[in-house]
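Engineer: Okay, here's what each chain looks like letter by letter:
2 protein chains.
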Amino acid sequence: MIRVSILGTGNVAKHLFATFMKIEDVKVVQIIGRNKIALKIFGNSVDTLSDFSKISDADIFIIAVKDDAIAAVSEYLRNKKGLIAHTSGSVSMDVLSGQRRHGVFYPLQTFTDDRKVAKNSVPYCLEAHDETDLDLLKNLAGKLSDKVYEVNSEQRKVLHLAAVFVNNFTNHLYHIGKEICDEKGLPFAILQPLIQETLDKTKQLTPYQAQTGPARRGDSETISKHLEELKKSGFGEVYGVLSKSIGKLYGKDTNGQHH
Amino acid sequence: MIRVSILGTGNVAKHLFATFMKIEDVKVVQIIGRNKIALKIFGNSVDTLSDFSKISDADIFIIAVKDDAIAAVSEYLRNKKGLIAHTSGSVSMDVLSGQRRHGVFYPLQTFTDDRKVAKNSVPYCLEAHDETDLDLLKNLAGKLSDKVYEVNSEQRKVLHLAAVFVNNFTNHLYHIGKEICDEKGLPFAILQPLIQETLDKTKQLTPYQAQTGPARRGDSETISKHLEELKKSGFGEVYGVLSKSIGKLYGKDTNGQHH
Ligand SMILES: NC(=O)c1ccc[n+]([C@@H]2O[C@H](COP(=O)([O-])OP(=O)(O)OC[C@H]3O[C@@H](n4cnc5c(N)ncnc54)[C@H](OP(=O)(O)O)[C@@H]3O)[C@@H](O)[C@H]2O)c1
Ligand SMILES: NC(=O)c1ccc[n+]([C@@H]2O[C@H](COP(=O)([O-])OP(=O)(O)OC[C@H]3O[C@@H](n4cnc5c(N)ncnc54)[C@H](OP(=O)(O)O)[C@@H]3O)[C@@H](O)[C@H]2O)c1
Numbered sequence: 001m002i003r004v005s006i007l008g009t010g011n012v013a014k015h016l017f018a019t020f021m022k023i024e025d026v027k028v029v030q031i032i033g034r035n036k037i038a039l040k041i042f043g044n045s046v047d048t049l050s051d052f053s054k055i056s057d058a059d060i061f062i063i064a065v066k067d068d069a070i071a072a073v074s075e076y077l078r079n080k081k082g083l084i085a086h087t088s089g090s091v092s093m094d095v096l097s098g099q100r101r102h103g104v105f106y107p108l109q110t111f112t113d114d115r116k117v118a119k120n121s122v123p124y125c126l127e128a129h130d131e132t133d134l135d136l137l138k139n140l141a142g143k144l145s146d147k148v149y150e151v152n153s154e155q156r157k158v159l160h161l162a163a164v165f166v167n168n169f170t171n172h173l174y175h176i177g178k179e180i181c182d183e184k185g186l187p188f189a190i191l192q193p194l195i196q197e198t199l200d201k202t203k204q205l206t207p208y209q210a211q212t213g214p215a216r217r218g219d220s221e222t223i224s225k226h227l228e229e230l231k232k233s234g235f236g237e238v239y240g241v242l243s244k245s246i247g248k249l250y251g252k253d254t255n256g257q258h259h
Numbered sequence: 001m002i003r004v005s006i007l008g009t010g011n012v013a014k015h016l017f018a019t020f021m022k023i024e025d026v027k028v029v030q031i032i033g034r035n036k037i038a039l040k041i042f043g044n045s046v047d048t049l050s051d052f053s054k055i056s057d058a059d060i061f062i063i064a065v066k067d068d069a070i071a072a073v074s075e076y077l078r079n080k081k082g083l084i085a086h087t088s089g090s091v092s093m094d095v096l097s098g099q100r101r102h103g104v105f106y107p108l109q110t111f112t113d114d115r116k117v118a119k120n121s122v123p124y125c126l127e128a129h130d131e132t133d134l135d136l137l138k139n140l141a142g143k144l145s146d147k148v149y150e151v152n153s154e155q156r157k158v159l160h161l162a163a164v165f166v167n168n169f170t171n172h173l174y175h176i177g178k179e180i181c182d183e184k185g186l187p188f189a190i191l192q193p194l195i196q197e198t199l200d201k202t203k204q205l206t207p208y209q210a211q212t213g214p215a216r217r218g219d220s221e222t223i224s225k226h227l228e229e230l231k232k233s234g235f236g237e238v239y240g241v242l243s244k245s246i247g248k249l250y251g252k253d254t255n256g257q258h259h
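Quick mapping for you: the protein sequence lines, in order, are chains W and R. FYI, the numbering for the first sequence is 1 to 259, going by the UniProt record's numbering. FYI, the numbering for the second sequence is 1 to 259, going by the UniProt record's numbering.
Note that these hints are calculated values from the structure, not bench results. Being a predicted model, the structure only gives us computed values, none of them experimental. Careful, some of the hints might be misleading.
Chain copies aren't distinguished; within one or between two, either way the pair holds.
Okay, derived cross-link-like pairs now, DSS-like style, lysine-lysine, Cα gap no bigger than 27 Å in a straight line [said to hold, decoys possible]:
#: 1; residue 1: Lys225; residue 2: Lys40
#: 2; residue 1: Lys147; residue 2: Lys36
#: 3; residue 1: Lys119; residue 2: Lys248
#: 4; residue 1: Lys232; residue 2: Lys157
#: 5; residue 1: Lys54; residue 2: Lys81
#: 6; residue 1: Lys66; residue 2: Lys80
#: 7; residue 1: Lys252; residue 2: Lys147
#: 8; residue 1: Lys80; residue 2: Lys184
#: 9; residue 1: Lys143; residue 2: Lys248
#: 10; residue 1: Lys66; residue 2: Lys248
#: 11; residue 1: Lys66; residue 2: Lys22
#: 12; residue 1: Lys81; residue 2: Lys252
#: 13; residue 1: Lys252; residue 2: Lys119
#: 14; residue 1: Lys232; residue 2: Lys14
#: 15; residue 1: Lys231; residue 2: Lys248
#: 16; residue 1: Lys147; residue 2: Lys184
#: 17; residue 1: Lys27; residue 2: Lys203
#: 18; residue 1: Lys157; residue 2: Lys225
#: 19; residue 1: Lys252; residue 2: Lys40
#: 20; residue 1: Lys184; residue 2: Lys54
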């Protein structure tokens, strides 16, 4: 049995709580948060607490608060015996180095309100100051997911950057695709199978191998036409820079300059 | 029973052939191609032909050759009674206007050798000069997929452009994500669940609503750090331009300038 407490009441806290509750040999001791209304969402099946001076001990304290509040919140755990781990992709483990036992429990996924994320679609990236604490985090994560990785602070920072490309920027490209469809009265759903196949291909081929399109072919005539079509939209610069980046990768000299 | 012939022996021809063969009330009359070795791949279950002057009649001729060969190839069908349709996203229907019955049968999907694309993951975008011919194409496409759209040449051109964003450019972002992982010895698979969730979210939220990340928040400190980390990689410009585009969309003034 692992006894876990969560500090914070946001998206990550909610996801972790819901996941822990489904696992027999994990017990959630307390949810601690400054936001009393948010605490109510956790219901009566768990002890909720807004007074940070009354925190009980636990095997693991998971700090799932805003990045820049992690250090301050960890101070309330100074006399605890349990392991203290934050959930941030971009904050170094060292922010907790004032605590004897500390580590990182980073779920590499995007959580938003109103969307449940399936159990096995969350990779956990773990780090700890001590070997035995790392084992404890591995033990916990292993109950939640079969995707458990040991990732140091330097790697985690870089993963977070990679996530900006494959999550934030990809989503923006979806937005642009949708805008282009909307303008001509086409449903965005028409692109969904293509989007799915783009992703599925990378399970069989590397993205480098899977690349297609005018920029890869060095088809500057099509690129020019597209840039012309995009003039009013404001998305020409995105098109130009990405085409240029692809062209460079495959040694093509296209006119994908943004203008 | 719809009698179909295919001109061309490439990726689209192969996909369509494999799909037609599975459908009882579609008969493939001939596969016509200039490439005799490629014709062999279609096996003995269908009549293959490399002499374009000996084409039999059919209900529908599907021209699945390179964009700039469509017009020339269609000339061989001048005296046929059947409907002539090309499969290109970017070529106007008018390229076939010399033929009495003509239209477009555009599968909005990415086909490459060695990858089977599932039946219902191909939307068909249809256009025809005559109403009855459009019905014939709808009838055929309806046997292959439940995603059948009527799309005119102007809309199709724009769809093709949207596809560049959601397919070609997204794939390039996957490539960048993989490069960033590779450099730190992290497996690209670690990002797969996040990539899948990015896509799945857009089935519930619009990409506009689903957007997260430093550029959306206007978190210029993180953006600066990321640009610094990317300096050596050559991907800073892509990061900068996409961050700027997101920032503009949400009215944030970040320092996401590329440099
Ligand atoms: N969302 C994701 O997709 C995701 C994924 C992986 C990792 N993470 C990381 O997980 C952590 C939490 O993220 P989240 O998305 O769950 O954030 P969130 O939904 O914005 O929730 C933040 C929580 O932090 C609390 N908080 C903020 N400042 C505080 C302070 N000074 N003292 C006490 N509590 C404070 C907030 O309380 P109030 O409601 O009172 O403001 C709220 O409960 C962050 O480190 C984040 O980087 C997030
Ligand atoms: N691949 C896709 O993802 C995709 C998706 C939707 C639509 N399309 C469209 O479908 C069509 C075919 O694309 P594809 O990917 O199947 O192309 P592909 O794999 O490159 O095959 C092209 C075919 O065209 C033939 N061809 C080229 N020039 C010719 C000529 N002058 N006379 C006769 N045959 C000629 C080629 O024969 P050789 O082998 O002898 O060169 C080959 O059989 C294009 O209009 C394309 O835009 C493609």
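Engineer: Next step is simple, just say for each hint if it's right about the structure.
Structural biologist: Here is what the structure says about each hint:
Proximity of Lys225 and Lys40 under a CA criterion of 27 Å is satisfied in neither setting, with 56 Å inside one chain copy and 37 Å between copies. For the homomeric pair Lys147 and Lys36, neither the shortest alpha-carbon distance inside one copy (33 Å) nor that between copies (48 Å) is at most 27 Å. Taking the shortest Cα distances, Lys119 and Lys248 never come within 27 Å of each other, neither inside one copy (39 Å) nor across copies (35 Å). Taking the shortest alpha-carbon separations for Lys232 and Lys157, only the inter-copy value of 16 Å comes in at or below 27 Å, while the best intra-copy value is 37 Å.
When the C-alpha separation of Lys54 and Lys81 is checked against a cutoff of 27 Å, the pair qualifies only within one copy, where the shortest distance is 14 Å, while the shortest distance between copies is 85 Å. In this homomeric assembly, Lys66 and Lys80 come within 27 Å of each other (Cα to Cα) only inside a single copy, at 21 Å, whereas the closest approach across copies is 69 Å. For a Cα distance limit of 27 Å, the shortest separation of Lys252 from Lys147 qualifies neither inside one copy, at 38 Å, nor across copies, at 35 Å. For a Cα distance limit of 27 Å, the shortest separation of Lys80 from Lys184 qualifies neither inside one copy, at 60 Å, nor across copies, at 34 Å.
For the homomeric pair Lys143 and Lys248, neither the shortest alpha-carbon distance inside one copy (44 Å) nor that between copies (42 Å) is at most 27 Å. Proximity of Lys66 to Lys248 under the C-alpha cut-off of 27 Å is restricted to the inter-copy arrangement: shortest distance 24 Å between copies versus 39 Å within a copy. Proximity of Lys66 to Lys22 under the C-alpha cut-off of 27 Å is restricted to the intra-copy arrangement: shortest distance 25 Å within a copy versus 54 Å between copies. Proximity of Lys81 and Lys252 under a CA criterion of 27 Å is satisfied in neither setting, with 59 Å inside one chain copy and 43 Å between copies.
In this homomeric assembly, Lys252 and Lys119 never come within 27 Å of each other (Cα to Cα): the closest approach is 43 Å inside a single copy and 34 Å across copies. For the identical chains of this complex, Lys232 and Lys14 are neighbours neither inside a copy (42 Å) nor across copies (38 Å), given an alpha-carbon limit of 27 Å. With identical chains, the CA atoms of Lys231 and Lys248 are at most 27 Å apart both within one copy (23 Å) and between copies (16 Å). Proximity of Lys147 to Lys184 under the C-alpha cut-off of 27 Å is restricted to the inter-copy arrangement: shortest distance 18 Å between copies versus 42 Å within a copy.
With identical chains, the CA atoms of Lys27 and Lys203 are never at most 27 Å apart, being 36 Å at best within one copy and 34 Å at best between copies. In this assembly of identical chains, Lys157 and Lys225 lie within 27 Å of each other by CA distance solely across copies; the values are 10 Å between and 39 Å within a copy. Taking identical chains as interchangeable, the C-alpha atoms of Lys252 and Lys40 are never at most 27 Å apart, the minima being 58 Å within one chain and 33 Å between chains. In the homo-oligomer, the alpha carbons of Lys184 and Lys54 never lie at most 27 Å apart, since the shortest distance is 59 Å inside one protomer and 41 Å across protomers.
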